[in-house]
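Use these hints to put chain B onto chain A, whose structure you have.
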Amino acid sequence: MNKVTNILMVGVGGQGVILASEIVAETMMLAGFDVKKSEVHGMAQRGGMVNSHIRFGPNVYSPVIKKAEADYLFAFEMLESLRFLDFLVKDPVILLNKQQILPPSVTSGEDEYPRDICGLLSKRYHHVDVVDSLAIAKNAGNTKTSNIAFLGSVSTYFEIKEQLWEDTIAKFVPESLLNINLKAFSLGRKFLV
Amino acid sequence: MIIRQENTNQKALMSGNEAIARGAYEAGVRVATGYPGTPSTEIIESLVEYDDIYVEWSANEKVAFEVAYGASASGGRAIVAMKHVGVNVAADPLFAASYTGVRAGFVIVTADDPEMHSSQNEQDNRNYARFAKVPMLEPSDSQEAKDFVRLAFDMSEEFDTPVFLRTTTRLSHSKSVVNLSQVESHHVPDRLFREPEKYVLLPRYSRTRHPLVEDRIKRLADFAETSAINRVEINERSAGIICSGVCYNYAKEVFPDYSFLKLGMAYPLPRKKIMDFAETVRKVYVFEELDPFFEEQIRAMGIDVTGKEMFSMCGEFSPDIAEKIKGKFDNNVKNGMDSLPGRQPNMCPGCPYRPVFYTLKKLGLFIAGDIGCYTLGALAPLEAIDSTVCMGASIGYGMGVDKLLGRHAMGKAVSVIGDATFLHSGIPGVLNMVYNKSAVTVVILDNRTIAMTGRQDHPGTGFTIRGDNTHSVDYEALCRSLGVNHVYTIDPFKMAEFETVVKTEIQRPEPSVIISRGPCVLHRRLQRADKISFMVKEHMCNGCGECQRLVCPALEWRRSRAGNTAFINRAMCYGCGVCMQVCKEGAIVESNE
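So the sequences go chain by chain: A and B.
Position 8 (the first sequence) corresponds to 8 in UniProt numbering; numbering is contiguous.
Position 456 (the second sequence) corresponds to 456 in UniProt numbering; numbering is contiguous.
There's no promise every hint is true.
Straight-line Cα separation of at most 25 Å, DSS-like style, residue types lysine-lysine; simulated pairs [stated by the list, open to error]:
(1) B:K503 / B:K584
(2) B:K308 / B:K272
(3) A:K161 / B:K11
(4) A:K66 / B:K308
(5) A:K3 / B:K326
(6) A:K138 / A:K98
(7) A:K3 / B:K11
(8) A:K66 / B:K326
(9) B:K326 / A:K90
(10) B:K531 / A:K144
(11) B:K412 / B:K503
(12) B:K362 / B:K584
(13) B:K531 / A:K138
(14) A:K67 / B:K308
(15) B:K326 / A:K67
(16) B:K11 / A:K171
Source of the hints: derived by calculation from the structure; they are not laboratory data.
Only chain A is shown next, with the shape it has when bound in the complex (with noise of 0.2 Å):
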């Protein structure tokens, strides 16, 4: 593969997108390429927007994503995957989780959430699927564990052997957390395929 690879995973702050792109980079590595990561979050601590920008190949420059090059867009959330659009690639593959996180505007009664976004973004484009990372985490025994239930089925889209993506797993999660969450990733996996 000559070409760079561009993926934007995209979500709000407390959902854990920080470290599932964290470990899609350090996998990246580990698979041999040249890897470049970056993120823009707002200010705040918990309920913000979290972009992170994961680009892997042979060699790369930019650590941000030219407008019009996302191959990949991985959404946390609903409502975050819309925002993003400008930067996708005209055949883009989506993943989108089902989870909804309403913003203070939506809570006041200001604004109303967008209604049918999978269908809006599956008129649009032939590639999207949804994954209901939520749920899985619950069967795996924890919720907590839903970021890394929605990796498992993000990385059903790279050709990287489960093996690797697991020792990566066990260098960024506490010891303690890491069957469960090796069983929530096994669970994530599994939906996709």
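Chain B in isolation, oriented as in the chain A frame:
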């Protein structure tokens, strides 16, 4: 993930900040100091992971600079890290250290914030290098960040000068692959050195130092001509791009076939190298974020370049902006959705600042604010803060209001400052308001941590950066000893009591300090043990909307034909009980479910 010292000769994915820390460690740094500030914070935090280095969060950037400088002047390698505006605080010792030079390597990291992701301005600190006559290196990725720190230490010793390393938010917070190396060992002296003619800036000594500084800059400019970090890449000759830092990677991404002069050294510039490059290519572009720092100096060399007439002086660059060189730049790629609901930053559920701002706003007060999470109180719909200038300014600002308007402002204004900010630079303000007989009321929001940059310790928390126990400031005793006679410590969640104290103190023609003590809800050590949450008794809610003025993320608003009602999202509720106190209908109650 933490890269510990035993891991050498291997690859690691590191942020720019982690790589700067690693570079300092590999260079045998002995003392590392700083004050938290986005985007610099993780440099000092990462250095804690390495043993055998003295690391501290200092009280402010000036002190941080002086501690590191004292170590360097005494023969041990030292690094100090701060955000761009921190250098303003440390500017005084910076200009002096330029004259006095070093004994062992001394590196100053300035982390600039183009786009103001988390800052009050986007000043371009390359100007400080020229102003203070101190060389500046500017890496483009994490590998260079690590390598340049090591080079900076060597240059510092070779040229007897402090050396700046400039990073920007994009570099500090981006990760890229770094090859780790072995640690250099440096001899640390076991005795004191005395050299007053070098280290005592009496005018007669300073006069002998200044010519050395001027000569040093010339020698550094010669070094810049030959150093490999100022790299010429000749490809297609139709266009040549001069750039530095992360902008190099943006331009390289878009124009891999053009010629480049990549400046690893932002100051001083390699005059001959630049002139040769300009003669080799047909058209020269200077692609630099913020000020025309290179452009003006290059124009002064008599070289015609295209720069700021094409690229903005404001904001952060991107590969998309680099496209402008092609003339095909189109900022109107519109594939996205308009008017999506935003997620603006907000105080957390249970934040001890929320009840304070609610009350001050309710009393209709003018609030001179400061730098920290509480600056979020300025956002709609709370809109409680009327001024935010810089660290510590709330007190002086409030006093200016008081001295100008006198009785017209009496009882109508307060100054609000966080605990860390007060200790950083608020104390002289309080001293001044006592000395000069001001009537200002200061509210110290003591949440027991430096919250906004990620909850660091400070002189008021009782812990050092390594988690060791230490003295914790007694704010009340401190303020009294400064001469404030009216000092109160209150619990911000007892809203009625706070309101009474504020109402009394703002009318008093003397200075007062109110310490509002409640830990940050994300505090690592001070977590509440009980798990209470609240609920709205729907039939009792008359939809007045008073609780919505708290802008609590846990408080939702449900619209229906029967009327609007408040609703508490129990997953989000921290159980602070502030909404219960503001509800006039008694509709919000503790929930035992």
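These are the hints, each one checked on the structure:
1. B:K503 / B:K584: Measuring from Cα to Cα gives roughly 21 Å; hence the hint holds.
2. B:K308 / B:K272: holds, 23 Å
3. A:K161 / B:K11: Given that 25 Å is the threshold and the Cα spacing comes to 20 Å, the pair holds.
4. A:K66 / B:K308: holds, 22 Å
5. A:K3 / B:K326: holds, 22 Å
6. A:K138 / A:K98: Status holds; Cα separation ~14 Å.
7. A:K3 / B:K11: holds, 22 Å
8. A:K66 / B:K326: Roughly 15 Å between the alpha carbons, so the hint for A:K66 and B:K326 holds.
9. B:K326 / A:K90: holds, 22 Å
10. B:K531 / A:K144: holds, 19 Å
11. B:K412 / B:K503: Between B:K412 and B:K503 the Cα gap is close to 10 Å, so the pair holds against 25 Å.
12. B:K362 / B:K584: Distance of about 14 Å is within 25 Å: holds.
13. B:K531 / A:K138: holds, 22 Å
14. A:K67 / B:K308: holds, 23 Å
15. B:K326 / A:K67: holds, 16 Å
16. B:K11 / A:K171: holds, 15 Å
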